[in-house]
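Chains as they are written, first to last, in our numbering: chain Y, 39 to 153; chain U, 54 to 172.
Honestly, the hints are just simulated from the structure, not real lab data.
A virtual CB, placed ideally from N, CA and C, is assigned to each residue, including glycine.
Careful: at least some of the hints might be erroneous.
[As the list claims (entries may be wrong)] Partner residues aside, some chain U positions facing chain Y, computed with beta carbon under 7 Å:
#1 Pro-61
#2 Gly-95
#3 Thr-160
#4 Phe-163
#5 Pro-165
[What the hints assert, rightly or not] What the simulated footprint calls covered on chain Y by chain U, stretch by stretch (three residues with Cβ under 8 Å from a Cβ of chain U suffice, anywhere in the stretch; the number is not a length):
#6 58 to 65
#7 92 to 104
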Amino acid sequence: AQRVTQPEKLLSVFKGAPVELKCNYSYSGSPELFWYVQYSRQRLQLLLRHISRESIKGFTADLNKGETSFHLKKPFAQEEDSAMYYCALSGPIEELTGGGNKLTFGTGTQLKVEL
Amino acid sequence: DTGVSQNPRHKITKRGQNVTFRCDPISEHNRLYWYRQTLGQGPEFLTYFQNEAQLEKSRLLSDRFSAERPKGSFSTLEIQRTEQGDSAMYLCASSLREGLADLNQETQYFGPGTRLLVL
Numbered sequence: 039a040q041r042v043t044q045p046e047k048l049l050s051v052f053k054g055a056p057v058e059l060k061c062n063y064s065y066s067g068s069p070e071l072f073w074y075v076q077y078s079r080q081r082l083q084l085l086l087r088h089i090s091r092e093s094i095k096g097f098t099a100d101l102n103k104g105e106t107s108f109h110l111k112k113p114f115a116q117e118e119d120s121a122m123y124y125c126a127l128s129g130p131i132e133e134l135t136g137g138g139n140k141l142t143f144g145t146g147t148q149l150k151v152e153l
Numbered sequence: 054d055t056g057v058s059q060n061p062r063h064k065i066t067k068r069g070q071n072v073t074f075r076c077d078p079i080s081e082h083n084r085l086y087w088y089r090q091t092l093g094q095g096p097e098f099l100t101y102f103q104n105e106a107q108l109e110k111s112r113l114l115s116d117r118f119s120a121e122r123p124k125g126s127f128s129t130l131e132i133q134r135t136e137q138g139d140s141a142m143y144l145c146a147s148s149l150r151e152g153l154a155d156l157n158q159e160t161q162y163f164g165p166g167t168r169l170l171v172l
């Protein structure tokens, strides 16, 4: 079974401080992990995926298979980073017929960047 | 706007009524997913279409729920005899599978959701 855990419901940091949003997963196969972000009054949108190994808006995330973690980090928080962040795991849908991957989401972490 | 669209954005209904939601995926996306999100939770998978075929349904999807995707374009999600527990945000996402691309490398693009309140 797929499971994603985000232990913090709320993370409050000051502008300019480092940010780390925690994500741990449980999955028996080879995982594909994502971070999605939802800004106030906007739709859920992809922030980054581990396979791309890129930095988006200053955020990075490294997949650590030993610790089954995919924490999201940013060295210096900005006010515009305030949003809800969801970690998600993509895995094949059971009884596979023709492909398809369901996303299993964590419960989300609300990041609040204070001035 | 070429993104995923959903209608209506909000729906208030009385318990026992039927409701139907529509999702228009990104043009040419052959995969379409429905998710449900309740307060304080992340989205949970409900069902999945590849073109017009519904290939998977979550155990969350009771017999009162039915989804269709005629002609492999837009999709509808109908809830019959709504219950207060059906109150949630219903999200639609679409993606494109390209040939033999790695199954795990698809990106799902989400719509704005339909917020349902059952009184």
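The hints, checked one at a time:
no.	hint	result
1	Pro-61	violated, 15 Å
2	Gly-95	holds, 3 Å
3	Thr-160	holds, 6 Å
4	Phe-163	holds, 4 Å
5	Pro-165	holds, 5 Å
6	58 to 65	violated (count 0)
7	92 to 104	violated (count 0)
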